[in-house]
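J.: Could you build all of it, start to finish, from the sequences and the hints given here?
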Amino acid sequence: MWIIFVFLLAGIIVGFIFRSQTKLMTFSAKATTFAVFLLIFFLGYSVGQNDAIVSALGELGWQAILLSSGSILGSLIFAGALYFFAFRGLHEK
Amino acid sequence: MRGRYIFSRFGGCMKNSLFILLIFSTGIAAGIFRVLPVAIDPNTLILYALYALLFLVGADIGGNPNAWKTLKKASFAVILVPISIVVGSLVGAGLFSLLLPRISVKDAVAIGAGFGYYSLSSIIITQIKGSTLGVIALLANLSREIITLIFAPLFVRLFGKLAPIASGGATAMDTTLPMVARFSGKEYAIIAFFSGIVLTVLVPILVPFILSL
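Read top to bottom, the protein sequences are chains P and D. Numbering (the numbering used here) for the first sequence: 853 to 945. Numbering (the numbering used here) for the second sequence: 1091 to 1303.
Simulated from the structure, these hints should not be mistaken for laboratory data. Hints may be right or wrong, so weigh each one.
[As the list claims (entries may be wrong)] Restricting the straight-line Cα-Cα distance to at most 30 Å, the calculated cross-link-like pairs of lysine-lysine (DSS-like) are:
#, chain 1, residue 1, chain 2, residue 2
1, P, K875, D, K1162
2, P, K882, D, K1276
3, D, K1159, P, K882
4, P, K882, D, K1196
5, P, K875, D, K1159
6, D, K1163, D, K1276
7, D, K1219, D, K1196
8, D, K1159, D, K1276
9, P, K875, D, K1276
10, D, K1163, P, K875
11, D, K1196, D, K1276
[What the hints assert, rightly or not] Covered stretches of chain P, going by a simulated chain D footprint (3 or more residues, C-beta under 8 Å):
#, region
12, 857-864
13, 883-889
14, 900-914
15, 921-935
Even glycine gets a Cβ: it sits at the ideal position worked out from N, Cα and C.
T.: The following block contains the structure:
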């Protein structure tokens, strides 16, 4: 999956070069929205084609919610500790 | 997300996540009835959309002058914010996967490394591990955004002002940023932006790395 970095890095470089071209950046934001819609639609399409996944969709949903609860709770605990030791009282005056 | 900037102009953050769910469901329905000609392979299209998205996300970050300024000014405590979120997300997802006999710890940790960035993480996981895990990654990371939008005020009360930044993960730089500004305060919006950018860049690096271990 090294190609992932190639595209990401190419984007960052091109974006940096054209950073003052407001019209181009607006276009890129719109194109991103479009790319996400296409991506999600086709992801759904490939899921819909797969009968085994469709019949297990409810179960997969619960597994997903459990995993996201885990990562949310974990990050809340670590960031909460960081807040308690380094941030509390810093901005409150 | 990404292009969530555009999204947010339509107002109502919740609507956006629900709209994504609607598009996903429409895609599933279209797939069940196989509306596309057989010659069109959705997986090839997904791959092209992924490359386009990666490039555009990069351009979004590279072309954002605020991003560079925020990154340069970050203090040590602020740098610890995304680090604590990374550690918490990976450990949390890994621990909770012990409740799920059919999902390995490694796969769960990779899903946790999506940090709420559902489009990118689910596509990468689909490419490497197949559709089943990709669907779980999409739903898990999408629900991370939705849960943050709903419970941000509660999280602030229980875990302090960094809480919505933590639960929002990569989305803290755009879709869940309004929740941070409102419930933690404006001074935390900059921290949210910083943390969101760092996590966004980490998603396409960490997810394939964890799966390759």
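J.: State for each hint whether it applies.
T.: Taking the hints in turn, this is what the structure says about them:
For a cut-off of 30 Å, the pair hint linking P/K875 to D/K1162 stands: about 26 Å separates their Cα positions. For the hint pairing P/K882 with D/K1276, the CA-to-CA distance comes to about 27 Å; that is within 30 Å, so the pair holds. Note on D/K1159 and P/K882: the hinted pairing holds, with a Cα-Cα distance of about 24 Å set against a maximum of 30 Å. Of the supplied pair hints, the one linking P/K882 and D/K1196 is violated, its CA atoms being roughly 35 Å apart against a limit of 30 Å.
Taking the CA atoms of P/K875 and D/K1159, the gap is about 21 Å. The hint holds against a cut of 30 Å. Taken as a hint, the D/K1163 and D/K1276 pair is honoured in the structure, with Cα atoms around 17 Å apart against an allowance of 30 Å. A hinted pair counts as satisfied when its Cα atoms are at most 30 Å apart, and D/K1219 with D/K1196 qualifies at roughly 11 Å. A threshold of 30 Å between alpha carbons decides the hint, and for D/K1159 with D/K1276 the separation of about 17 Å falls inside it, so the pair holds.
For the proposed pair P/K875 and D/K1276, the alpha carbon gap of about 28 Å is at most 30 Å, so the pair holds. The suggested pairing of D/K1163 with P/K875 holds, with an alpha-carbon distance near 27 Å, which does not exceed 30 Å. This hinted pair does not check out: D/K1196 and D/K1276 have alpha carbons roughly 37 Å apart, beyond 30 Å. Given as covered by chain D, the region 857-864 of chain P passes the check, having 7 residues with a CB less than 8 Å from a CB of that chain where 3 are the minimum.
Note: the region 883-889 of chain P has 7 residues with beta-carbon separation from chain D under 8 Å; the three-residue rule is met and the coverage holds. Coverage of a stretch by a chain is defined here by at least three residues with a beta carbon nearer than 8 Å to that chain's beta carbons; for the region 900-914 of chain P and chain D the count is 10, and the condition holds. Residues of the region 921-935 of chain P with a Cβ under 8 Å from some Cβ of chain D number 15, which satisfies the need for three, so the listed coverage holds.
The structure does not agree with the numbered hints 4, 11 stated previously, though it agrees with the rest.
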